[in-house]
Every structure is written in structure tokens, then in C-alpha cells.
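Enquirer: Sequence:
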Amino acid sequence: QVQLVEFGGGLVQAGGSLRLSCAASASTFRINVMGWYRQAPGKQRELVATITSGGSTNYADSVKGRFTISRDNAKNTVYLQMNSLKPEDTAVYYCNALMYGSSHADWGQGTQVTVSS
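So the sequence shown is numbered by this note's numbering: it starts at 453 and just counts up by one.
Be aware that a few hints might be false.
Listed next, the in silico SDA-like pairs over lysine to any residue satisfying Cα-Cα at most 20 Å (straight line) [to be verified]:
hint : residue 1 : residue 2
1    : LYS538    : GLY506
2    : LYS495    : TYR511
3    : LYS538    : VAL485
4    : LYS527    : VAL485
5    : LYS538    : GLN564
6    : LYS495    : PRO539
7    : LYS527    : ASP513
8    : LYS538    : SER568
9    : LYS516    : VAL485
10   : LYS495    : GLY506
11   : LYS538    : GLY461
Label-pair restraints from in silico Cβ distances [stated by the list, open to error]:
hint : residue 1 : residue 2 : range
12   : ALA466    : SER505    : 29 to 37 Å
13   : GLY468    : SER522    : 17 to 25 Å
14   : PRO539    : GLY460    : 25 to 33 Å
15   : PHE481    : SER569    : 38 to 46 Å
16   : SER536    : HIS556    : 17 to 25 Å
17   : ASN510    : VAL457    : 18 to 26 Å
18   : SER554    : GLN465    : 14 to 22 Å
19   : ASN525    : SER568    : 30 to 38 Å
20   : LYS516    : GLN496    : 14 to 22 Å
To be clear, the hints were calculated from the coordinates, so they are not data collected in a lab.
Beta carbons: idealized from backbone N, C-alpha and C, even for Gly.
With the hints as extra help, turn the sequences into a complete structure.
Expert: Written out as C-alpha cells, the structure reads:
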């Protein structure tokens with residue numbers, strides 16, 4: 453099990469940028485896949501982006517070309533750089549990590565991102 457703490461949410465105008473950070477309590481070398489998910493009011497939680505230990509990335513179509521996921525194994529941290537933000541990006545963003553040998557993923561507590569029009 454790994455504890456995850458997200459940082460960097462806030463209020464931003466449409467077209468602006470934010471960078472989210474997720475600090476892991478365990479070495480990210482022990483983590484297979486890390487990702488960001490989001491949940492807007494009244495909607496189901498959805499995938500935003502994932503990154504494997506080898507650096508392969510995957511993005512939701514809605515954020516391709518605007519968001520970039522990266523991980524710094526030396527700092528046990530995964531980032532989500534969000535550019536050209538839209539009001540529909542407003543949601544609680546959650547960090548997620550699947551450790552090697554684990555059958556379930558761990559979640560952070562979430563951080564609110566609000567994009568005003």
C-alpha cells in the first residue's frame with residue numbers, strides 16, 4: 453500500500469494553466485502505473501492520464517494535446533501539467549497508483565480544480 457497526497461489544485465480562468473503534483477509515500481520504483489482521474493459533480497470518476505514505470509503515457513481524448521503527465525522517480529512524485537483549461541475540466545482530481553504485485557490501486561484524497569469561464 454502507498455499513501456498519495458495531491459497538491460496544486462485551485463481556481464483558474466479558462467485558458468489558464470495549473471500543475472498538479474502527487475507525492476507517494478513509497479519509492480515510485482515500486483509503482484507500476486500512476487495516474488490521474490477526475491470526478492465532476494454528478495458524474496462518474498473518469499481517467500485523465502496514466503504513466504507506466506517505463507514512461508509510456510495514455511490520455512483521455514478530452515485532454516490530449518492540453519495535459520501532460522510525467523513522473524520523477526527521484527522525488528517519488530507524479531505531475532499533471534494542465535494547459536488551455538476549460539470550464540468542463542472542473543472536477544476533483546485524484547492521484548492513483550498501482551504497485552507491483554498488488555491487485556488493487558491506491559488513491560489520494562483528491563484536489564479541487566475549478567475553471568471559470
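Enquirer: Each of the hints needs a verdict: does it hold here or not?
Expert: Outcome of the hint check:
1. LYS538 x GLY506: Violated - the C-alpha atoms of GLY506 and LYS538 are around 30 Å apart, more than 20 Å.
2. LYS495 x TYR511: Given pair LYS495, TYR511 holds - Cα atoms ~19 Å apart, limit 20 Å.
3. LYS538 x VAL485: violated, 27 Å
4. LYS527 x VAL485: holds, 16 Å
5. LYS538 x GLN564: holds, 14 Å
6. LYS495 x PRO539: Holds, at about 15 Å.
7. LYS527 x ASP513: At roughly 29 Å apart (the allowed maximum being 20 Å), ASP513 and LYS527 break the hint.
8. LYS538 x SER568: The given pair, whose Cα atoms are some 8 Å apart, holds under the 20 Å limit.
9. LYS516 x VAL485: holds, 19 Å
10. LYS495 x GLY506: violated, 31 Å
11. LYS538 x GLY461: holds, 14 Å
12. ALA466 x SER505: 29 to 37 Å: With Cβ atoms ~34 Å apart, the hint holds.
13. GLY468 x SER522: 17 to 25 Å: Holds, at about 19 Å.
14. PRO539 x GLY460: 25 to 33 Å: Because 19 Å falls outside the window, the suggested range is violated.
15. PHE481 x SER569: 38 to 46 Å: Taking Cβ atoms as reference, PHE481 and SER569 lie about 41 Å apart, which means the hint holds.
16. SER536 x HIS556: 17 to 25 Å: Given about 34 Å between the Cβ atoms, the range is violated.
17. ASN510 x VAL457: 18 to 26 Å: With Cβ atoms ~23 Å apart, the hint holds.
18. SER554 x GLN465: 14 to 22 Å: Check failed, 39 Å falls outside 14 to 22 Å.
19. ASN525 x SER568: 30 to 38 Å: 35 Å Cβ-Cβ, so the 30 to 38 Å window holds.
20. LYS516 x GLN496: 14 to 22 Å: holds, 20 Å
In this structure, the hints that do not hold are numbers 1, 3, 7, 10, 14, 16 and 18, in rising order.
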